[in-house]
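Novice: The task is simple: from the sequences and hints, build the whole structure.
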Amino acid sequence: MRRSSVKLVLASSLPLALTACSAPEETYTVSKRSNYTTVQACVDDKMPVDVCSDAYMQALADHRRIAPTYGDKAACEADFVPDYCQVTSDNRYMPRLGGFELAVSGEVSQSQVDAARAQVENSGQASSGGSNFNGLLTGLLLGQVLSGGNRQYYSQPVYQYRDSSGGYRSTTLGQQIDQGKRFERSDQAQQSGGSYSSYYSGSSSGRSYKSSTSTRSSVSSSISRGGFGSQATARSGWGGKSSGGFSFGG
Amino acid sequence: MRKVHCDERPDWCATAEREGFAFHTIDGERYWDERGYYQFSEAQVSRDLEAPTQELHAMCLDAVARIVDSEALMTRLAIPPAFFDLVRRSWKEGHPHLYGRFDFSYDGTGPAKLIEANYDTPTSLYEAAAFQLIWLEQQIERGVLPAHASQFNTLAEDLVRAFAAFERESPFYFSAIGGSIEDRGTTDFLRKMAGHVGISTRHIDLEDIGLNDEGRFVDLEGRPIPRLFKLHAWEHIFHEDFGQAIAGCDTQFVEPAWKSLISNKGILPLLWEWHEGHPNLLPAFLDEDPRRPVPKGWVRKPYFSREGANVDIRTTDDQRVFEDGPYDDAPYILQGFAPLPKFGDSYTLIGSWVVGDLASGIGIREDDTLITKDSSRFLPHVVVD
Numbered sequence: 001m002r003r004s005s006v007k008l009v010l011a012s013s014l015p016l017a018l019t020a021c022s023a024p025e026e027t028y029t030v031s032k033r034s035n036y037t038t039v040q041a042c043v044d045d046k047m048p049v050d051v052c053s054d055a056y057m058q059a060l061a062d063h064r065r066i067a068p069t070y071g072d073k074a075a076c077e078a079d080f081v082p083d084y085c086q087v088t089s090d091n092r093y094m095p096r097l098g099g100f101e102l103a104v105s106g107e108v109s110q111s112q113v114d115a116a117r118a119q120v121e122n123s124g125q126a127s128s129g130g131s132n133f134n135g136l137l138t139g140l141l142l143g144q145v146l147s148g149g150n151r152q153y154y155s156q157p158v159y160q161y162r163d164s165s166g167g168y169r170s171t172t173l174g175q176q177i178d179q180g181k182r183f184e185r186s187d188q189a190q191q192s193g194g195s196y197s198s199y200y201s202g203s204s205s206g207r208s209y210k211s212s213t214s215t216r217s218s219v220s221s222s223i224s225r226g227g228f229g230s231q232a233t234a235r236s237g238w239g240g241k242s243s244g245g246f247s248f249g250g
Numbered sequence: 001m002r003k004v005h006c007d008e009r010p011d012w013c014a015t016a017e018r019e020g021f022a023f024h025t026i027d028g029e030r031y032w033d034e035r036g037y038y039q040f041s042e043a044q045v046s047r048d049l050e051a052p053t054q055e056l057h058a059m060c061l062d063a064v065a066r067i068v069d070s071e072a073l074m075t076r077l078a079i080p081p082a083f084f085d086l087v088r089r090s091w092k093e094g095h096p097h098l099y100g101r102f103d104f105s106y107d108g109t110g111p112a113k114l115i116e117a118n119y120d121t122p123t124s125l126y127e128a129a130a131f132q133l134i135w136l137e138q139q140i141e142r143g144v145l146p147a148h149a150s151q152f153n154t155l156a157e158d159l160v161r162a163f164a165a166f167e168r169e170s171p172f173y174f175s176a177i178g179g180s181i182e183d184r185g186t187t188d189f190l191r192k193m194a195g196h197v198g199i200s201t202r203h204i205d206l207e208d209i210g211l212n213d214e215g216r217f218v219d220l221e222g223r224p225i226p227r228l229f230k231l232h233a234w235e236h237i238f239h240e241d242f243g244q245a246i247a248g249c250d251t252q253f254v255e256p257a258w259k260s261l262i263s264n265k266g267i268l269p270l271l272w273e274w275h276e277g278h279p280n281l282l283p284a285f286l287d288e289d290p291r292r293p294v295p296k297g298w299v300r301k302p303y304f305s306r307e308g309a310n311v312d313i314r315t316t317d318d319q320r321v322f323e324d325g326p327y328d329d330a331p332y333i334l335q336g337f338a339p340l341p342k343f344g345d346s347y348t349l350i351g352s353w354v355v356g357d358l359a360s361g362i363g364i365r366e367d368d369t370l371i372t373k374d375s376s377r378f379l380p381h382v383v384v385d
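Residue numbers (the UniProt record's numbering), protein chains in the order written: chain A, 1 to 250; chain B, 1 to 385.
Since the hints were made in silico from the structure, they are not lab data.
All values reported here derive from a predicted model rather than from experimental measurement.
Worth double-checking, as some hints may not be accurate.
If you only want the chain B side, here are some residues facing chain A, beta carbon under 10 Å, derived [what the hints assert, rightly or not]:
id : residue
1  : Ala130
2  : Gly243
3  : Gly248
4  : Gln252
5  : Pro293
By construction, the Cβ of each residue, glycine as well, lies at the ideal position given by its N, Cα and C atoms.
Specialist: Below you can see the structure in the form of structure tokens.
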């Protein structure tokens with residue numbers, strides 16, 4: 001009479017398949033965030049051209065939706081940089097789109113990390129722990145994220161402004177708000193009780209616009225739960241059994 | 001077939017704990033009971049259990065093929081009309097299934113009689129596939145059982161083979177009602193078997209499954225669920241909020257919806273109608289009037305009962321054995337009474353497993369009454385000539 005090998009069922013036994021494809025495996029999120037002034041600059045940075053152009057289009061759409069507008073040019077340029085604001089069709093002033101920030105993130109498995117680590121070590125370009133090591137490792141893993149299935153892109157408009165020492169910088173509105181900027185003379189701030197940031201945080205900039213294989217739902221989608229299990233739960237506990245040992249199977 | 005009393009392993013409890021068999025004792029009562037085992041001859045197993053299991057499985061699949069083409073039959077099986085298409089499509093498109101269990105009344109002589117088919121959400125899988133196998137290996141090693149002793153038990157091997165037919169690219173989610181240790185034991189064991197072929201698995205409690213506004217089922221992080229093993233009966237799903245979202249979603253359900261036709265006790269009268277007199281079938285009919293007393297020598301069962309609930313027996317000598325329960329909202333059948341054999345003080349039921357399309361092994365349950373319930377003890381078996 002035939003029986004299975006006990007090795008298949010022992011708690012201590014490892015999966016038969018190679019560890020590299022076994023489950024569950026630890027995963028790591030690899031992400032990269034960069035600012036580009038043009039689609040070409042993005043492509044030159046070895047990002048896929050469709051990703052770059054979609055990122056730009058998304059940023060432009062968000063720019064039109066959320067950029068602060070002002071009643072006069074001087075107020076606008078005080079928040080950004082000189083000669084930077086343009087007049088809109090309804091005679092307000094708004095900053096020009098200074099480019100876009102593209103963030104890529106995706107998951108890699110422990111075995112991908114291990115393989116990439118070995119590859120960097122063997123390449124002789126950097127020693128483990130060296131300053132260059134992590135950069136090379138991240139680059140390698142990012143390449144795998146970009147060519148793999150489980151990746152997600154975010155894009156946001158960026159604008160030029162002057163930092164506290166007077167230098168020109170390009171960042172997103174969110175980062176400027178985080179650094180304490182209030183855009184208090186903007187139309188949006190004046191309509192929201194003096195606070196542009198409350199307007200901004202409600203506008204959901206930085207949405208995910210592309211999920212390569214739809215393996216992640218978009219951030220804005222709503223999810224309902226609890227639609228499975230009510231029938232079994234309604235019948236549970238029959239016969240006075242405690243829930244711990246109760247089976248809903250059979 | 002005989003029951004042999006034997007000493008339990010002094011370390012059985014520690015072994016169960018180490019192996020992750022969390023429900024070996026339920027409410028302070030033994031669930032796993034190795035103070036005895038059932039011994040079969042090779043012929044008893046292969047001729048009386050394995051071959052009929054294989055044949056009944058083929059008869060059930062044949063029945064499904066006939067039922068899905070008949071709205072009258074699906075109506076008779078209490079499938080809600082809104083789900084006719086889902087059930088039919090899951091069969092016509094060949095959605096794969098994993099496992100099922102026939103419950104037999106068998107005493108070692110004569111044909112095993114099919115009491116019911118648990119084809120959608122069977123449990124007691126871990127103890128049949130794993131813990132009784134570990135028991136056997138240890139008892140052989142310790143000289144308690146002879147080296148040529150074996151079991152009818154290729155469950156683990158057959159499950160691994162069944163999982164190998166699934167693609168490995170995307171994760172496979174396994175779900176059970178939150179808080180049920182026994183159900184979780186079943187799904188965790190299945191995950192382990194899937195892991196052997198490199199399938200990446202994740203657990204999610206049924207109640208945590210989400211439905212997003214694109215009509216896809218998602219996990220707690222909002223990630224789509226490409227494949228879902230659900231230890232949750234289709235007849236429940238048909239009446240739950242998310243049931244109607246299944247037709248339009250892209251999740252592959254295991255067991256597939258067509259299994260709802262076999263796990264339904266309404267199939268027993270159909271099998272009898274189409275194979276009347278088959279040695280492994282008991283006479284069975286739709287119960288036209290469930291309010292009248294059960295006739296002598298018959299058993300009344302609802303279409304959808306589990307763990308012996310709502311089963312009403314009237315023995316040939318006019319004894320009534322009744323198990324109350326919550327499944328009183330569906331049609332009933334009447335089935336000829338085939339008393340479970342009595343070994344000592346216990347009534348014994350044989351669960352015969354099908355994995356993929358193969359008869360794969362047996363597990364034995366004992367109860368102090370004629371009705372096997374979720375609290376019935378699980379005993380190991382041995383095949384030896």
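Novice: Now tell me if each hint is right for this structure.
Specialist: Now the hints, each set against the structure:
1. For the restraint placing B/Ala130 at the interface with chain A, the shortest Cβ-Cβ distance is roughly 4 Å, inside the 10 Å limit, so the hint holds.
2. A cut of 10 Å between beta carbons decides the hint on B/Gly243: the least distance to chain A is about 8 Å, and the hint holds.
3. About 14 Å separates the beta-carbon of B/Gly248 from the nearest beta-carbon of chain A, more than 10 Å, and the hint is not met.
4. The beta carbon of B/Gln252 is not positioned within 10 Å of any beta carbon in chain A (closest approach about 15 Å), and the interface hint is therefore violated.
5. Annotation: B/Pro293 was flagged as interfacial toward chain A, and the flag is violated, the nearest CB pair being 23 Å apart, outside 10 Å.
Checked against the numbered hints above, the structure breaks hints 3, 4 and 5 and satisfies the rest.
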